[in-house]
Amino acid sequence: MLTIQLTINGAAHRCEVSPNTTLLELIRDDMHLTGTKRGCDQGHCGACTVLLDGMPVNACLMLAVMADGKQVETIEAAAPGTKKHALQQALIEEGAVQCGFCIPGIVLSATALLEERPQASRPEIREALSGNLCRCTGYSRIIAAVEKAQERGRTNG
Amino acid sequence: MDKSIIGANIPRLESREKVDGSGRYTDDFSPAGMLYGAVLRSPYPHARVKKIDAAQVLAMPGVMAVILPQDVAGIRYNSSGNPPSDLLVDDEHILTDHPLYEGDAIAAVAAQTPRLCKEALGRFAVEYEVLPAALSVEAALDPSTPPLHPDIAKSNDFQLLAFDQGDVETGLAACDIVLEGEFATPAVHPLPMEPTSCICEWRGNTINIYATSQTPFQERRILAGMFGLPESAVRIVKPLMGGGFGARQQLHYQPQGCLLSKKTGRPVKMLLTREEEMMATTTRHAAKMRVKLGAMLDGKISAMDIEVWHDTGAYCTHGPIVLSAQGKKVQYGVDHYRYRGHCVYTNNVTAGAMRGYGNPQVTFAREMLIDRLARKLGRDPLELRLQNHLARGDTIPGTQTLVSSVAIQTCVDEAERIRKEVDAKRAQPGEWGVAFCMHTSGPSNKSGMSSASIYLNRDGSVQLNLGTADIGQGSETAMAQVAAEVLGIKLECVNVHAADTASTPYDTGTFASSQMFVGGNAVVLAAKSMIKNLATALADVRGVSAAQVGFAGGVFSLPDGQCSFADAAEQVLYGGDNSRVVFGEGSYKAVEAPPVFAVCLVRTQRDMLTGVLTITDAIQTVDAGNVINKNIVRGQIEGGMAQGLGYGWMEQLETDRRTGKHITSDALLYKIPTAQDIPSLYSAAVDSYDEFGPLGAKSIGELTLVPVAAALAISAERSCGKEIFSLPLSKGLLLTRAAKEVAQ
Amino acid sequence: MITHSFDYTCPSSLEQACALKSEDSVYIAGGTDIVPALKYGLLFPKLVISLQNVPGLASITIEGGNLVIGAMVGLEKLARYTEHFPNLSGLNHAVRAVASPQIRHIGTVGGNLLQEARCIFYNQTTAWRRGIEPCHKTGGSVCHQAPAKPQCVALYHSDLAPAFLAADCLVQIYRDGNEQQLPLETLLAAPSRVLGGGVLTHIVLPDVENLRQLHFRKHAVRGAIDFPLANAALTVRACGTVRLIMGAMTPKPVTLEQTQSELADSLKEEMPLAAQIYQTAAAEAKKKARPIREATASPAVKQQAMVVVQEVIRDLL
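Chains as they are written, first to last, in my numbering: chain Y, 1 to 157; chain F, 158 to 901; chain Z, 902 to 1218.
Simulated from the structure, these hints should not be mistaken for lab results.
Among the hints, erroneous ones may be present.
Ranges between beta-carbon positions, derived for each pair [claimed, not checked]:
1. R1094(Z) with D228(F): 27 to 33 Å
2. P300(F) with P1200(Z): 41 to 47 Å
3. P80(Y) with G718(F): 17 to 23 Å
4. A11(Y) with K947(Z): 40 to 46 Å
5. R152(Y) with R1094(Z): 16 to 22 Å
Derived pair list, reagent style EDC-like, types lysine to aspartate or glutamate, alpha-carbon separation capped at 20 Å [stated by the list, open to error]:
6. K83(Y) with E174(F)
7. K207(F) with D177(F)
8. K787(F) with E93(Y)
9. K647(F) with E93(Y)
10. K160(F) with D243(F)
11. K83(Y) with D228(F)
12. K947(Z) with D813(F)
13. K275(F) with D68(Y)
For each residue, glycine too, the CB sits at the ideal point set by N, CA and C.
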């Protein structure tokens, strides 16, 4: 067992983990944060996307020990009045949320994009979402929601 | 109708908890004392377990129970979530010592953690006798291949479905042109993003289950029968669910979970890995099809002869019913029709239900031939199909099903309008592929039934209790809208409680595109019943006769004035000696199954140097009756198009002939489209209204997947100038999505 | 889930890392190859040695006109850096063609280059592989792709490698207390033997200014996530050198010498490229390819994917 220290959704934690524990297992099974989903456990679907120091990663592909000293943000991180919040609202309005299983990962991938490139083009949006599989929507409404959130961001300044 | 409720873009009721991560799916629950369960699976497509020794497993600290084939030997069942039917065969075992496909369940173990479960699976000492496997319909029908289930059928071709109209041989002989072709489509996987899971608790004489379930009431019936319990002792709850598409229209590992729970006295969570999902849950049937079309020079298609062989894999599940549904989906007014569907056992993974339920396969074959006919006759493919299309009042060939509404012309007009816009913006010439399809609203064998009950609260808000299982398609929201509309109250005043067999009334299940049509009609009846009962109660409280109480637009009218729904509720619940609790209830048996229709156009371009085919745009227009929720309907069209494109382009479950191994064992080897692959999607649900539908609505759940692979393949065939006979296209073509999108 | 237990350590220098390395241990960079291998039961190390705390391996600098990329540089970081170099656009495309954004935020340049060759019979779980004989890579002596083959024929699928090879890259490795520099091609020809217990530290793209164009193309079944069916990289240097590399069709990337030499001649003589060159490219690619069976794409389509070679030539024009 190794002891790691990391920040999850702004709160500092000290955790004892086996080297063979993945970050996804730490988040879901140890921290009981179930918003991050286990879709394939192989890094093929993106349902387990979390932000690591602001960057989207597959939590299932990381050993928990590799998150030592890092900042982890999961879907549960509250974010009123932010780009993330605007995107969540847009996803609801655009009908982009069907079964919802891919949505936590989508929210985080898209939020990271909007933070880094507020004026991202459609091709850049598609690329940013390309690691998040969705079986329900065909991505069309999701892309529309990201563009709506961008539009609102422009109007609100 | 209240346009702010019906036909509006109402956000779904449960979207908020999905976008903020607070919504809970089956694997997000962990009841106290929960153990994990896992299944030992055959690594061979056909084998006998000569010996199985669990001693090393039971010796592991943290392993709590093991069950073996001998513990469940007497039980045979059919796992499919259908109402009882003579077509269904009880050929499944909970655990077997004669595995019939790679992944078949041999033993089960419960342990403290998932890791212990996985380690435990590696410690079973199993001696296999590997047997020859029949991995195709041809192999299974070879005379030297023994029957997979000799106690059920002497031939692996164990069920034949037949539908006829007129005399197809005579009809074909009288035609000016006869076209024929042999087509093949692969087994594909529904691949909902949430892996199949259940938590089973057998305590004393009752069973409680949380599960990814499309058919809680059918599963309750099967489990109760299997374990000798009354249905009232089995409770199944469906939490938020990450998709279904047919994968969960049946029991999966609940029987093993229940038995492990019974043995350990603890709740047991059965959570499938993605590999098990791909290899040991049900698929769409692979199909071989022989189609013959007979037409006259003027374009009239007068004869259609279709013969299909479905690879149903190792067990029956839905097999014969899929064929029964498949044979009833011809939307052209042919005078002569012959359909023969063979259900064939093989040692491939078990096939079951998947969105479209047999229709996508035959639609592909039939529409390919119709397009070749159009080209041969020099006819526009849209016009040729319209010429032959059924009209309102006609019956579907080979059936008694009435076409109660059809807006196919409007679908074509709208599709053409969009196509012109797209073509105007595309610099490079491309080829459009056209395909039509029809589907159903509710089971075509009229076995659909749904019910709803409504509880009234003092303030006029209501609780709507539904058996319907919302698997992500938004049925709960649509039902709430219908209830709000009929009751004349605000949508916010309707709280939905659904899919709990102990507290919500019966619904046949989420399949056959039932929810909107069958479920919706039940909600209308329940809402009307609520109004009637509330009116009667109000009359008593106010001392007038029931005949003197009217209702319109959410308001009761009495001799001495008006009374809102909310005021009526309060007066009745707190009405002195005449107080009472008021219920509304409705049961709807689907005696109709109004067809729905779609027109799909897909555009491709071919690179002259490299031969690479680019998919640029896709259009689909539908007649699904009156649109209750615009966002939901649009989502179904676009989602169906994405799945249809996957089916046409890249999806197939593959088995290696030499080793007999199932290759596509994860979500990388098996491919579904990414955000880089789906082209611009254009969609419309045209104005339509069906007299049998709730507020004129029909259903849309499956329709939108059905024509897409055909449209894509037809476009590819036209672009490449080479005839195509099988899916997916990635077996013969290099395809990619157009980098450039044209603005909508 | 990883059931195999191992120890994990984070040395803070190359010396420490190499001292810890043995037959029973593996280095982990980003982990996007190691972690799946652990999950699939393809690796059973006693010790996993992380390189993330070793200094000096994660920067991108220009030194003496050469672009020096630390082996621990994240893929997404390299993507962003190369956005600013028009003459390296192909390298930017190559990096962004790797897997998915999430994987690019974890994976490293060195890790991508040192990835294991892949095969549909090898990259499967332990439970799955119980149903077949062990193969050359899993302790057996058969090949399920081609029964007659005495050795593994798995293909190498890196998207970065063809681009780096076409750019004449060298690598720096730290081994037995020494730094060595050698051609990337030499490393890829026999990575285990060349590295020994050592560490790949840097990739050096020589004389960046001199590199006029770098083009890269990839075909996979999908537009993201998938390993390539085929990829190709083409470079032209100011001095007239042309390099054309094809990947994912052989156990190591191959140089299409005949085609690149004809291209170089055409460019030197400032003649327009004849349609002939596409045929030469297609024929040479076909001759050198050693395709194996992959998922979803048929063998015919795998062959067809070699049009990448023609596409990079077309990009040149």
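Results for each hint:
Checked against the hint of 27 to 33 Å, the C-beta distance between R1094(Z) and D228(F) comes to roughly 53 Å, which is inconsistent with it. A hinted range of 41 to 47 Å for the beta carbons of P300(F) and P1200(Z) is inconsistent with their spacing of about 31 Å. At about 46 Å, the beta-carbon gap between P80(Y) and G718(F) misses the expected band of 17 to 23 Å. Take A11(Y) and K947(Z): their Cβ atoms lie about 35 Å apart, and the range 40 to 46 Å is violated.
Checked against the given bound of 16 to 22 Å, the beta carbons of R152(Y) and R1094(Z), roughly 57 Å apart, lie outside it. Distance restraint check for K83(Y) and E174(F): the Cα-Cα separation of roughly 18 Å lies within the 20 Å cut-off, and the hinted pair is therefore satisfied. Among the hinted pairs, K207(F) with D177(F) is inconsistent with the structure: their alpha-carbon atoms are about 51 Å apart, more than 20 Å. The straight-line distance between the Cα atoms of K787(F) and E93(Y) is roughly 11 Å, inside the 20 Å bound, and the hint therefore holds.
Note on K647(F) and E93(Y): the hinted pairing holds, with a Cα-Cα distance of about 19 Å set against a maximum of 20 Å. Taken as a hint, the K160(F) and D243(F) pair is broken in the structure, with Cα atoms around 45 Å apart against an allowance of 20 Å. For a cut-off of 20 Å, the pair hint linking K83(Y) to D228(F) is broken: about 56 Å separates their Cα positions. Pair hint K947(Z) plus D813(F) does not hold up; C-alpha atoms about 34 Å apart against a cutoff of 20 Å.
Distance restraint check for K275(F) and D68(Y): the Cα-Cα separation of roughly 27 Å exceeds the 20 Å cut-off, and the hinted pair is therefore not satisfied.
The structure shown violates the earlier hints numbered 1, 2, 3, 4, 5, 7, 10, 11, 12 and 13.
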